[in-house]
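For chain A, the structure is supplied; the task is to place chain B on it using the hints.
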Amino acid sequence: MLIQILGTGCPKCQKLEENARQAATELSLDFHIEKVKDLQQIMAFGVMITPALVVDGVVKVAGKISGVEDIKKMLAK
Amino acid sequence: MDKKKSCSCACGRTVTLLVPCSGAADTGEIADRAARKFAMGGCAGMFCLAGVGANLSGFIASARGADRLLVVDGCNLDCAHKTLAEKGITENIIHVRVTDLGIVKGKSPATAERIDAVVAELGNKLTASLKS
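These protein sequence lines are chains A and B, in that order. Position one of the first sequence corresponds to residue 1 (our numbering), numbered consecutively onward. Position one of the second sequence corresponds to residue 1 (our numbering), numbered consecutively onward.
Excised from the complex, chain A in its bound form:
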């Protein structure tokens, strides 16, 4: 599973990455986390607010830091 964190590296992006990593780990998923900081690449996802969480190419949330439990639900879908 590819998990991408879109954002320029602000504290919210870092927190979202931390939560996503914890959620994927607790679910024992085979995953890889990639940070996308380039604005053009971020906009190519149609994302207009960061941070954003992308799972296997699908944007799950933008502009908010989802909690671990919420991210688990997103990863399970």
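Be aware that a few hints might be false.
[Stated by the list, open to error] A few chain A residues that face chain B, going by a derived Cβ cut-off under 7 angstroms, partial list only:
id: 1; residue: 36
id: 2; residue: 45
id: 3; residue: 46
id: 4; residue: 48
id: 5; residue: 49
id: 6; residue: 58
id: 7; residue: 59
id: 8; residue: 61
id: 9; residue: 63
id: 10; residue: 64
id: 11; residue: 67
Keep in mind the hints are simulated off the structure, nothing from the lab. Heads up, the beta-carbon is just placed ideally off N, CA and C, and yes, glycines get one too.
Chain B in isolation, oriented as in the chain A frame:
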């Protein structure tokens, strides 16, 4: 916001997105041009309603993640408002309808005066929402 930049970091500030219907009628053109003019002031950023209609996840997530959506419909068909509602996006919406300002659809070319009237209404409604 940098005019060339159309992606906002949610850190430390609220994010308001402008969602005009950008319809084919004169009132749709007024909605679009007024939204673009308002966006130049830096209080809100332009948003792609078509991306929501196309079911693109990034646009839908961005609309859901915004603190406020300043929706501008040209007429009472309310295409922009309904397109968002189709995706379950019904909260944090400030709605402006061009024809509610006495601008008649089909009889109102997009003049600077009409565009400015809508820009002013956007400002009034956004300011009112900030006070409430």
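### Query
Does residue 59 of chain A pass the interface check with chain B, least Cβ-Cβ distance below 7 angstroms?
With a minimum Cβ separation of about 4 angstroms from chain B (threshold 7 angstroms), the hint on residue 59 of chain A holds.
### Message
Would the hint on residue 46 of chain A be counted as holding, given a Cβ-Cβ threshold of 7 angstroms to chain B?
### Response
holds (3 angstroms)
### Task
Let me know if the C-beta of residue 58 of chain A comes in closer than 7 angstroms to any C-beta of chain B, holds or violated.
holds (5 angstroms)
### Query
Taking the least C-beta to C-beta distance, is residue 49 of chain A closer than 7 angstroms to chain B?
holds (5 angstroms)
### Interface restraint verdict for residue 48 of chain A against chain B (beta-carbon cut-off 7 angstroms)
holds (4 angstroms)
### Restraint satisfaction for residue 67 of chain A [CB to CB of chain B, less than 7 angstroms]
violated (15 angstroms)
### Message
Next item in the hint list is residue 64 of chain A. Is there a CB on chain B closer than 7 angstroms to its CB?
### Response
holds (5 angstroms)
#### Entry: Interface restraint verdict for residue 61 of chain A against chain B (beta-carbon cut-off 7 angstroms)
This hint holds: residue 61 of chain A lies near chain B, its Cβ roughly 6 angstroms from the closest one there, short of 7 angstroms.
### Message
Quick check on residue 45 of chain A please, does its C-beta sit within 7 angstroms of some C-beta on chain B?
### Response
holds (4 angstroms)
### Message
Quick check on the hint: residue 63 of chain A CB to chain B CB, less than 7 angstroms?
### Response
With a closest approach of 3 angstroms, the residue 63 of chain A hint holds.
### Query
Measuring from the C-beta of residue 36 of chain A to each C-beta in chain B, is the shortest one below 7 angstroms?
Violated, because the Cβ-Cβ distance from residue 36 of chain A to chain B comes to roughly 11 angstroms (cut-off 7 angstroms).
In summary, the numbered hints that this structure violates are 1, 11.
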